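Construct the entire structure; sequences and hints are all you get.
One point on numbering: in UniProt numbering, the residue at position 366 of the sequence shown is 366, and numbering is uninterrupted.
Derived from the structure by calculation, the hints contain no laboratory data.
Values in this document were obtained by computation on a predicted structure and should not be read as measured data.
For each residue, glycine too, the CB sits at the ideal point set by N, CA and C.
Do not take every clue at face value.
[Said to hold, decoys possible] Distance ranges between label pairs, derived from CB positions: (1) Leu297 to Asn242: 54 to 62 Å; (2) Glu406 to Ser347: 24 to 32 Å; (3) Arg331 to Ser275: 15 to 23 Å; (4) Ser275 to Phe37: 43 to 51 Å; (5) Ser275 to Lys180: 49 to 57 Å; (6) Glu380 to Thr172: 56 to 64 Å; (7) Gln340 to Asp224: 47 to 55 Å; (8) Asp153 to Asp397: 53 to 61 Å; (9) Ala138 to Leu229: 42 to 50 Å; (10) Gln364 to Glu72: 44 to 52 Å; (11) Thr172 to Lys75: 35 to 43 Å; (12) Ala138 to Pro182: 18 to 26 Å; (13) Ser228 to Asp150: 52 to 60 Å.
[Stated by the list, open to error] Simulated pairs of lysine-lysine, BS3-like, Cα-Cα distance not exceeding 25 Å: (14) Lys299 to Lys327; (15) Lys251 to Lys64; (16) Lys130 to Lys71; (17) Lys269 to Lys282; (18) Lys370 to Lys330; (19) Lys370 to Lys408; (20) Lys383 to Lys282; (21) Lys163 to Lys130; (22) Lys359 to Lys282; (23) Lys352 to Lys399; (24) Lys383 to Lys399; (25) Lys214 to Lys251; (26) Lys269 to Lys64; (27) Lys352 to Lys330; (28) Lys180 to Lys64; (29) Lys180 to Lys40; (30) Lys130 to Lys251; (31) Lys128 to Lys71; (32) Lys366 to Lys330; (33) Lys128 to Lys186; (34) Lys299 to Lys328; (35) Lys270 to Lys75; (36) Lys399 to Lys327; (37) Lys407 to Lys370.
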Amino acid sequence: MSLKNKLARMKGHMQLEEMPSVKETNDKQVDTDWSNFKGKPLFLHDQHTIFREMEYPLDYRLGKHSFRELKEVVKQWNDDDTNHPLSANGLNEEQLIFFDTETTGLGGGTGNTIFLLGYCHLAGDVVKVKQFFLPGPADEAAFYFHFLQDVSDLSNLVTYNGKAFDWPQVRTRHTLVRDKVPLLPKFGHFDLLHAARRLWKDTLPSCRLSIVEKEILEIERVDDTPGSLAPLLYFDFLKEKNPEVISGVLKHNEVDVLSLIILYINLSKKILNASSNSTTMKETFEIARWYENLKQLNKACKLYEQVAMSDSRYRDAARLSLGLLLKKDKRIDDAVNYFQMLSTKESGSSIKACIELAKIHEHQFKDIEKAFYYSELAYERQKRMARLLKEKKVLSDIKVRIERLEKKIDRT
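Quick look at the structure:
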């Protein structure tokens, strides 16, 4: 195989055929082209990246919140002893980097190129938004060199699906230029997607950032360029070298990173003030479940109790969860109280509560007849539900319990 053919094959494997080669341009022309878009070139030897920086006052309001509220919630986290995945305890607000990328595709691996690194952070009395743009595939060393130099003093990423996508992509691309650029810093990482899913996955049609912005944060984007168009517009830019082509993508990313500040504020306020009127009963219930998962049972119990005493649709689920937690904590009489609240209802929670009452009366109270009573009650309700839902396993399990209790009764 000729050298020419070998090079052609290698080019195919590297998936670079879709990226047009960079046309030569002088420094002055680059500077002139980008000046109307607040962009300027930063050079590394014969490569360059485009850098943009914008500032917003702290009182600027985006949707429900102003940026100044970030200072308030970080102070609250520092005054709180909660060990929570979103806690900023031990940090100040200027150490948080709200970060997002734009890429040529949604897949992983070296075939997917990041062409825009955007982030914002508080600096004194302003929020600074900074973007590093990749003007061509031959400029990645300059692209990452200047980005990594700029974030060297910052310590904690805040992203939306960044743990699974954005930062792994940065690591992948970094390996290709690591001999020419600084080492990747070791960041702490708050991924807000996981928090959004915990609180809103059952109430929103999707937990995509654009939907969370609109439905939860009340952020209305005007004349926005959809993120799905970003790869196509980038490839158009590579052909035309006209910043106007990519300007909508730059603005989209700018709002993305700013909205992450607002989302972090919103989530923090809900978690830190879960008993307030600004948090719905559904959100309070999900935060309680989150605390339970984190083994912070006192906080979980307190929030479950709030929902259990409400008239919301999540009341029964909260009573069941609270009863189970109290039982686990050996507070049997309190657990029985919540299970009995459910035992008179026709619901899935009622069936589970009756099964728990049967267990408690059999094993803790040694009252076999009451255990038998609650087992039969659970069985009859499950039988009615099974006919509707075609569920047979739970019914079979309850039947086994009844038969075992019948034998115990016969022996007494």
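Checked hints:
1. Checked against the hint of 54 to 62 Å, the C-beta distance between Leu297 and Asn242 comes to roughly 59 Å, which is consistent with it.
2. Hint check: Glu406 to Ser347, Cβ distance near 26 Å, so the stated range 24 to 32 Å holds.
3. Judged by the Cβ atoms, the range 15 to 23 Å given for Arg331 and Ser275 holds: they are separated by roughly 21 Å.
4. Range check, Ser275 to Phe37: about 47 Å between beta-carbon atoms, so the 43 to 51 Å window is met.
5. The supplied range of 49 to 57 Å is met by Ser275 and Lys180, whose beta-carbon atoms lie about 53 Å from each other.
6. Separated by about 58 Å at the C-beta atoms, Glu380 and Thr172 satisfy the suggested range of 56 to 64 Å.
7. About 53 Å separates the C-beta atoms of Gln340 and Asp224, a value consistent with the hinted range of 47 to 55 Å.
8. As the Cβ distance of Asp153 to Asp397 is approximately 58 Å, the hint placing it in 53 to 61 Å holds.
9. About 24 Å separates the C-beta atoms of Ala138 and Leu229, a value inconsistent with the hinted range of 42 to 50 Å.
10. Against the hinted window of 44 to 52 Å, the Cβ-Cβ separation of Gln364 and Glu72 comes to about 47 Å, which satisfies the hint.
11. Range check, Thr172 to Lys75: Cβ separation about 37 Å, and the 35 to 43 Å hint holds.
12. Checked against the hint of 18 to 26 Å, the C-beta distance between Ala138 and Pro182 comes to roughly 20 Å, which is consistent with it.
13. At about 28 Å, the beta-carbon gap between Ser228 and Asp150 misses the expected band of 52 to 60 Å.
14. Simply put, Lys299 and Lys327 have alpha-carbon atoms about 16 Å apart, close enough for the 25 Å limit, and the pair holds.
15. Between Lys251 and Lys64 the alpha-carbon distance is near 20 Å, which keeps this suggested pair within the 25 Å criterion.
16. Simply put, Lys130 and Lys71 have alpha-carbon atoms about 20 Å apart, close enough for the 25 Å limit, and the pair holds.
17. Among the hinted pairs, Lys269 with Lys282 is consistent with the structure: their alpha-carbon atoms are about 15 Å apart, no more than 25 Å.
18. About 20 Å separates the Cα atoms of Lys370 and Lys330, which keeps this hinted pair within 25 Å; it holds.
19. Proposed proximity of Lys370 and Lys408 is supported: the alpha carbons are some 12 Å apart, at most 25 Å.
20. A C-alpha spacing of about 29 Å is found between Lys383 and Lys282, which places the hinted pair above 25 Å, so the restraint is violated.
21. Distance check on the hinted pair: Lys163 and Lys130 sit about 20 Å apart at the alpha-carbon level, within 25 Å; holds.
22. Our distance criterion of 25 Å between C-alpha atoms is broken by Lys359 and Lys282, whose separation comes to about 29 Å.
23. Only pairs whose Cα atoms come within 25 Å are accepted, and Lys352 paired with Lys399 is accepted, the gap being roughly 14 Å.
24. With a C-alpha separation of about 10 Å, the suggested pairing of Lys383 with Lys399 holds against the 25 Å cut-off.
25. For the suggested pair Lys214 and Lys251, the alpha carbons sit about 17 Å apart, so the restraint of at most 25 Å is met.
26. Restraint check: the Cα-Cα separation between Lys269 and Lys64 comes to about 12 Å, which is no more than 25 Å; the hinted pair holds.
27. Our distance criterion of 25 Å between C-alpha atoms is met by Lys352 and Lys330, whose separation comes to about 18 Å.
28. Among the hinted pairs, Lys180 with Lys64 is inconsistent with the structure: their alpha-carbon atoms are about 43 Å apart, more than 25 Å.
29. Among the hinted pairs, Lys180 with Lys40 is consistent with the structure: their alpha-carbon atoms are about 21 Å apart, no more than 25 Å.
30. Distance check on the hinted pair: Lys130 and Lys251 sit about 11 Å apart at the alpha-carbon level, within 25 Å; holds.
31. About 15 Å separates the Cα atoms of Lys128 and Lys71, which keeps this hinted pair within 25 Å; it holds.
32. At most 25 Å may separate the alpha-carbon atoms for a hinted pair to count; Lys366 and Lys330 meet this at roughly 16 Å.
33. For the hint pairing Lys128 with Lys186, the CA-to-CA distance comes to about 22 Å; that is within 25 Å, so the pair holds.
34. Note on Lys299 and Lys328: the hinted pairing holds, with a Cα-Cα distance of about 15 Å set against a maximum of 25 Å.
35. A hinted pair counts as satisfied when its Cα atoms are at most 25 Å apart, and Lys270 with Lys75 qualifies at roughly 15 Å.
36. For the proposed pair Lys399 and Lys327, the alpha carbon gap of about 23 Å is at most 25 Å, so the pair holds.
37. About 14 Å separates the Cα atoms of Lys407 and Lys370, which keeps this hinted pair within 25 Å; it holds.
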